[in-house]
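Mind docking chain B on chain A? Use the hints.
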Amino acid sequence: MATFFWQGNEACAYGAMAAGARFFAGYPISPSSEIAELCSRLLPEREGIYVQMEDEIASLAAVIGASVGGMRAFTATSGPGFSLMQENLGFAVMAEVPCVIIHAQRFGPATGIATAPAQADVMQARWGTHGDYQMLVLSPSSVQECYDLTVAAFNLAERFRSPVILLTDAALAHLRETVTVSDTPPPRHCRPQPEGDSALYRPYAPGPDLIPAMAAFGDCYIQRVTGLVHDEQGYSSSAPAVAAGLVRRLQEKILLYQDELPSPVYTGPEEPEILLVSYGISVRAAQAAAQRAQAWGHRVGCLRLRALWPFPEAVIGDWARRVRAVLVVEMNYGQLRREVELAVAGRCRVSGVNRYDAEVVTSGEILAALTKS
Amino acid sequence: MASYRDYLAWERLPHLWCAGCGHGVILKALTLALAALEVPPDKVVVASGIGCSGRIGDYVTTHRFQGTHGRTLAFATGIHLARPEVKVICVMGDGDAAAIGGNHLIHAARRNVDLTAIVPNNLNYGMTGGQFSPLTPPASISSTSRQGKAEPAFDICHLAVVAGASYVARTTVYHVTEMQKFLQEAILKKGFSLLEVLTPCPTYYGRYNALGEAAQMLEWLNRSVIPLARYRQMSGDEARYWWRGRLVDREAPDFLSRLKGAG
Numbered sequence: 001m002a003t004f005f006w007q008g009n010e011a012c013a014y015g016a017m018a019a020g021a022r023f024f025a026g027y028p029i030s031p032s033s034e035i036a037e038l039c040s041r042l043l044p045e046r047e048g049i050y051v052q053m054e055d056e057i058a059s060l061a062a063v064i065g066a067s068v069g070g071m072r073a074f075t076a077t078s079g080p081g082f083s084l085m086q087e088n089l090g091f092a093v094m095a096e097v098p099c100v101i102i103h104a105q106r107f108g109p110a111t112g113i114a115t116a117p118a119q120a121d122v123m124q125a126r127w128g129t130h131g132d133y134q135m136l137v138l139s140p141s142s143v144q145e146c147y148d149l150t151v152a153a154f155n156l157a158e159r160f161r162s163p164v165i166l167l168t169d170a171a172l173a174h175l176r177e178t179v180t181v182s183d184t185p186p187p188r189h190c191r192p193q194p195e196g197d198s199a200l201y202r203p204y205a206p207g208p209d210l211i212p213a214m215a216a217f218g219d220c221y222i223q224r225v226t227g228l229v230h231d232e233q234g235y236s237s238s239a240p241a242v243a244a245g246l247v248r249r250l251q252e253k254i255l256l257y258q259d260e261l262p263s264p265v266y267t268g269p270e271e272p273e274i275l276l277v278s279y280g281i282s283v284r285a286a287q288a289a290a291q292r293a294q295a296w297g298h299r300v301g302c303l304r305l306r307a308l309w310p311f312p313e314a315v316i317g318d319w320a321r322r323v324r325a326v327l328v329v330e331m332n333y334g335q336l337r338r339e340v341e342l343a344v345a346g347r348c349r350v351s352g353v354n355r356y357d358a359e360v361v362t363s364g365e366i367l368a369a370l371t372k373s
Numbered sequence: 001m002a003s004y005r006d007y008l009a010w011e012r013l014p015h016l017w018c019a020g021c022g023h024g025v026i027l028k029a030l031t032l033a034l035a036a037l038e039v040p041p042d043k044v045v046v047a048s049g050i051g052c053s054g055r056i057g058d059y060v061t062t063h064r065f066q067g068t069h070g071r072t073l074a075f076a077t078g079i080h081l082a083r084p085e086v087k088v089i090c091v092m093g094d095g096d097a098a099a100i101g102g103n104h105l106i107h108a109a110r111r112n113v114d115l116t117a118i119v120p121n122n123l124n125y126g127m128t129g130g131q132f133s134p135l136t137p138p139a140s141i142s143s144t145s146r147q148g149k150a151e152p153a154f155d156i157c158h159l160a161v162v163a164g165a166s167y168v169a170r171t172t173v174y175h176v177t178e179m180q181k182f183l184q185e186a187i188l189k190k191g192f193s194l195l196e197v198l199t200p201c202p203t204y205y206g207r208y209n210a211l212g213e214a215a216q217m218l219e220w221l222n223r224s225v226i227p228l229a230r231y232r233q234m235s236g237d238e239a240r241y242w243w244r245g246r247l248v249d250r251e252a253p254d255f256l257s258r259l260k261g262a263g
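For the record, the sequence lines run as chains A and B. Using our numbering, the letters of the first sequence map in sequence onto residues 1 to 373. Using our numbering, the letters of the second sequence map in sequence onto residues 1 to 263.
One chain only, chain B, in its complex shape:
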């Protein structure tokens, strides 16, 4: 029986993330999911981008790839095509995945490349000092929107569905058991899977928007999400909440199968 301990680079701990940051919870959920699936560490690549969550590769015993900002899925496409027997798990923050990497996300989902994308969404650029990202809710205070963010946000999960992903889900670090379950489903899914995980950034987003300390932010996240089925029945109040759940889980040929079929 594998243990999550086998996937953690203990000698590298403690990690560099701030006290109260949710990234450590995501790291643990990932190691729990890999252990439950019994995937050997040498058959996993944790590929990440730039920003706080990009440092996740420093703390795992699996293969590690940290590319340039926003390009993780493009690198991962090459890794997967060269070594399809290896599970490639991509970790990209909200700025990385939705802004600079938005185009790569659309096309990785469209091709349905057999990759797992985890988007830890802490609602801002943490590493650079709390600027707003495309996923920051409108009117939020950030270090580049002191009067409130003027832009709307978008739903990265719906984007992935429309583009062609086989599996898309969203949860929060408050819902740890659900996160691990979704992660296992995403990793097992043949084709492109995306899991967005809402996670607190008490250092910046929480402080700027007066959401309290880490524990209060977790409570706030819990109050701010509505299960998908209930969310769909809401009328008028949806903008104040995030839905939570499995948005799509469907069968479609993945990119490599299509390539081999055409070849």
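Excised from the complex, chain A in its bound form:
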């Protein structure tokens, strides 16, 4: 066991190294640049590759190329860069290429405030690229979790053959905290490998769990990767049955196994009256407010979401039966609150504590909202 005093960005970079990432392609952008800077040092020391591309479109493209070459690959960015990555994010979904995108959210829209935090890209992370798909999105709320969930992100990317987005924000990216790292390397999930006669390999034939075995370029198994609708051979097709089968499998390979994602963590009294739902940096204020309210004799609990997408709808639905009110604490105009409302489906009252002024939510604001609930 070793302890380190890292900022969130550092914890993400070291987490990626521990997860076996050996390829980083990126483009400098605040507030994520420390990840690129650190990778430019750490990767060559580990026989890995750091490459600085001409933009974020190219960055994710190079990451995808390296991943099909067999490497664990990732990038890091923030809002404007994440917008540019949407095109190839959809490609990674369609072509089922494992990769990790660390997105340190900053204040937007547009250039916004480059060094100020926000949690306003939650919906962009879910729906930013075109088409019908599922997206895997994790949201750490401490520097320790930046490390742990980065490791988890790489394993989930390999497990599901999918891009995984790790959503941090400008505050968490630059927050310094103690991180504990185990001496033994974290368990590693690897993409399924083809076996048997190479002539019979079909690059997109679903294996167990609906995931196709993934050959790397250069293997004796011929790999065919395309963003076009494709059949099991990896050849392009515009047949409606092929299109429907592909979209259904891309959805179900994630939805049927959603319980493998990090589940929400509840802290508070056994039978809370009011539930605070939060994620990312805002969790800290929510937990502080819940503790203060409990000290005053109120039954207030806090549910910390670690995976935002697919949304933990069933968990929220269960809680809605047990509490009088749900308060969603987030740094945006109310993006995830609408998702909570859908899950709650009228079973209890839902309101939000929202900040959208480039400052983090405080426990005082949450307490003030609690008194009205």
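If you're looking for bench data, these hints aren't it; they were derived computationally from the structure. A portion of the hints provided could be inaccurate.
[As the list claims (entries may be wrong)] Distance windows between CB atoms, simulated: (1) A/342 - B/257: 32 to 38 Å; (2) A/109 - B/147: 52 to 58 Å; (3) B/259 - A/198: 30 to 36 Å; (4) B/1 - A/198: 20 to 26 Å; (5) A/198 - B/147: 53 to 59 Å; (6) B/84 - A/40: 17 to 23 Å; (7) B/37 - A/4: 28 to 34 Å.
[Claimed, not checked] On the chain A side, residues computed to face chain B include the following (Cβ under 8 Å): (8) 58; (9) 62; (10) 63; (11) 64; (12) 83; (13) 84; (14) 87; (15) 220; (16) 224; (17) 238; (18) 239; (19) 240; (20) 266.
Just so you know, even glycine gets a beta-carbon here, dropped at the ideal spot from N, CA and C.
Chain B in isolation, oriented as in the chain A frame:
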């Protein structure tokens, strides 16, 4: 001895390209070049973009990668860095390589990434109905320039040279033997190599500009190109022609060697 037949996915033929399109000639030249070099199919990735030529990956037995529009060289940079022992051959049409992918082309050439880029230049966007591209000659009729293209064209080969490519050449599908020779040189070259191949699009460019059927378009292409040495001696009439030949063939450290040297 390898045969070009080993590189063609016969069960996928006939291809989807129009009658008289030159892309099939480029496909065959590529398979001939790979066979002559005896590169095993599993040590080749054919990476392509979007548009007519982007479909080339459906017809080869090698590894195949078809990315998003214009980004082929960025994907290919990642593929190459992860698997440097594999030959990555990028096929990008004129719109793909020169318009939406222009920036990636500049930077792949500048880094001198050990990739081979083939630019089948059919002088328009064929897949979407014959709109003009940056490489369409000025004054050409296209579906988005009915009065004649107002913009100038640029020379993608000179762009690649200035950016830092190790090998740059241009030919046409009329000159099939030269195309295969240039392709082999480009594939063997350590560093970034680019081969532009002028190819007829009788369905759109030819029809809009009254250049005749496929065979007449081939004759037209042949009349429209001048060997590089002669082209350089022309005075005043150059704009009416394309030069043809090897523009640059030079030694320079490739990107991965530089990366490893710095690491």
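Against the structure, the hints:
1. With their beta carbons about 54 Å apart, residue 342 of chain A and residue 257 of chain B fall outside the hinted range of 32 to 38 Å.
2. Between residue 109 of chain A and residue 147 of chain B the CB atoms are about 39 Å apart, so this pair departs from the stated range of 52 to 58 Å.
3. At about 31 Å, the CB distance of residue 259 of chain B to residue 198 of chain A agrees with the hint of 30 to 36 Å.
4. Judged by the Cβ atoms, the range 20 to 26 Å given for residue 1 of chain B and residue 198 of chain A holds: they are separated by roughly 22 Å.
5. At roughly 55 Å, the beta carbons of residue 198 of chain A and residue 147 of chain B sit within the given window of 53 to 59 Å.
6. Separated by about 20 Å at the C-beta atoms, residue 84 of chain B and residue 40 of chain A satisfy the suggested range of 17 to 23 Å.
7. In this structure, residue 37 of chain B and residue 4 of chain A break the distance hint of 28 to 34 Å, their C-beta atoms being roughly 50 Å apart.
8. Interface hint at residue 58 of chain A: satisfied, since its Cβ lies 4 Å from the closest Cβ of chain B, which is below the 8 Å cut-off.
9. Against a cut-off of 8 Å between C-beta atoms, the interface hint on residue 62 of chain A holds, since the closest Cβ of chain B lies about 4 Å away.
10. Because the smallest distance between the Cβ of residue 63 of chain A and any Cβ of chain B comes to about 6 Å, under 8 Å, the interface hint for this residue holds.
11. For residue 64 of chain A, the suggested interface contact is upheld, since its CB lies about 6 Å from the closest CB of chain B, less than 8 Å.
12. Hint on residue 83 of chain A is violated. Least Cβ distance to chain B is approximately 15 Å, over the 8 Å limit.
13. Among the interface hints, the one on residue 84 of chain A is violated; its C-beta lies about 11 Å from the nearest C-beta in chain B, farther than the 8 Å criterion.
14. Against a cut-off of 8 Å between C-beta atoms, the interface hint on residue 87 of chain A holds, since the closest Cβ of chain B lies about 5 Å away.
15. Taken as an interface hint, residue 220 of chain A checks out: its beta carbon lies about 5 Å from the nearest beta carbon of chain B, inside 8 Å.
16. The criterion of a C-beta within 8 Å of any C-beta in chain B is met by residue 224 of chain A, whose closest approach is roughly 4 Å, and the hint holds.
17. About 11 Å separates the beta-carbon of residue 238 of chain A from the nearest beta-carbon of chain B, more than 8 Å, and the hint is not met.
18. Proximity of residue 239 of chain A to chain B is violated relative to the hint, the smallest CB-CB distance being about 14 Å (cut-off 8 Å).
19. For the restraint placing residue 240 of chain A at the interface with chain B, the shortest Cβ-Cβ distance is roughly 18 Å, beyond the 8 Å limit, so the hint is violated.
20. Because the beta carbon of residue 266 of chain A sits about 41 Å from the nearest beta carbon in chain B, more than 8 Å, this interface hint is broken.
The structure is inconsistent with the numbered hints 1, 2, 7, 12, 13, 17, 18, 19, 20, although it conforms to all the rest.
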